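Engineer: Taking this note's numbering, the leading residue of the sequence shown gets 561, the next gets one more, and so forth.
Be careful, since some hints might not be right.
Quick list of simulated restraints, FRET-style, between CB atoms [to be verified]:
1) Thr566 to His753: 44 to 54 Å
2) His753 to Val614: 32 to 42 Å
3) Asp668 to Ala602: 38 to 48 Å
The calculated lysine-lysine pairs, modelled on PhoX-like cross-linking and capped at a C-alpha distance of 25 Å, are [said to hold, decoys possible]:
4) Lys752 to Lys635
5) Lys637 to Lys611
6) Lys660 to Lys637
7) Lys752 to Lys625
8) Lys611 to Lys752
9) Lys635 to Lys611
10) Lys635 to Lys625
11) Lys635 to Lys660
In case anyone wonders, no lab produced these hints; they're calculated from the structure.
Bear in mind the structure is a predicted one, so any value in this text is a computation, not a measurement.
Idealized CB from N, CA, C, for every residue including glycine.
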Amino acid sequence: MPVTLTRTHYIVIAAVIAVLAAAVVLYEMRGGAVQQMAGPPAALAPFAAAKAPVAVPQVAIDDAKGTRLALSAFKGKYVLLNLWATWCAPCVRELPALAKLKASVPSDHFDVVAVDVGRGTASDARLFLDSHGARSLGTYVDSNLALLRAFGAFGLPLTVLIDPQGREIGRALGPAAWDSPEAVAYFSDLAKH
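My request is simple: use the sequences and hints to build the entire structure.
Structural biologist: So this is what it looks like as structure tokens:
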């Protein structure tokens with residue numbers, strides 16, 4: 561027996577389709593349940609937002625006391641993870657800018673985690689940071705190069721923006737003007753969400 565659709569049926573079907581379409585649009589606008597920010601400012605080039613959030617590899621680093629910390633220890637806030645080495649001139653030049661960014665953005669929802677991926681000790685990294693205008697950065701080292709492998713780094717500096725859920729949402733291969741007014745405003749706004 562064929563089903564006859566009335567005008568009321570068509571109205572109900574159209575309303576259901578409209579509601580579903582609105583839900584999809586809202587979901588996409590929020591980045592698939594991730595609040596999307598305006599794209600990064602041009603001053604942050606080569607930093608670019610990821611097309612879609614990607615789970616961060618679960619590797620561990622050492623802090624100043626030699627305590628192993630998994631990247632998941634930083635969940636709950638935005639983290640700008642920077643991989644640097646003492647022998648990398650562009651890395652060394654951007655360390656003060658990262659320190660200024662860290663000091664400029666409220667730390668309750670944002671942190672800069674600069675990790676020395678060279679072969680030195682935590683005390684070597686601390687002395688180096690202190691002598692290169694980066695006292696406000698914490699001391700983190702990855703002497704077994706786990707981060708380089710996990711993030712597929714083929715050059716330094718590599719900086720990865722991680723969201724509070726532990727997903728990569730942006731990346732820069734090469735130095736950026738992390739302390740520019742536009743960068744500070746971008747990360748300050750991001751930390752509010």
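Engineer: Each hint should be assessed against the structure and marked as holding or not.
Structural biologist: Right, here's what the structure says about each hint:
1. Thr566 to His753: 44 to 54 Å: Between Thr566 and His753, where Cβ atoms are some 46 Å apart, the hint holds.
2. His753 to Val614: 32 to 42 Å: Check failed, 19 Å falls outside 32 to 42 Å.
3. Asp668 to Ala602: 38 to 48 Å: violated, 28 Å
4. Lys752 to Lys635: At roughly 16 Å apart (the allowed maximum being 25 Å), Lys635 and Lys752 satisfy the hint.
5. Lys637 to Lys611: Distance ~20 Å between Lys637 and Lys611 Cα, so the pair holds.
6. Lys660 to Lys637: Measuring from Cα to Cα gives roughly 18 Å; hence the hint holds.
7. Lys752 to Lys625: violated, 31 Å
8. Lys611 to Lys752: holds, 22 Å
9. Lys635 to Lys611: holds, 21 Å
10. Lys635 to Lys625: Roughly 20 Å separates the two Cα atoms, so the pair holds.
11. Lys635 to Lys660: holds, 22 Å
Hint compliance for this structure: hints 2, 3 and 7 are broken, all remaining hints hold.
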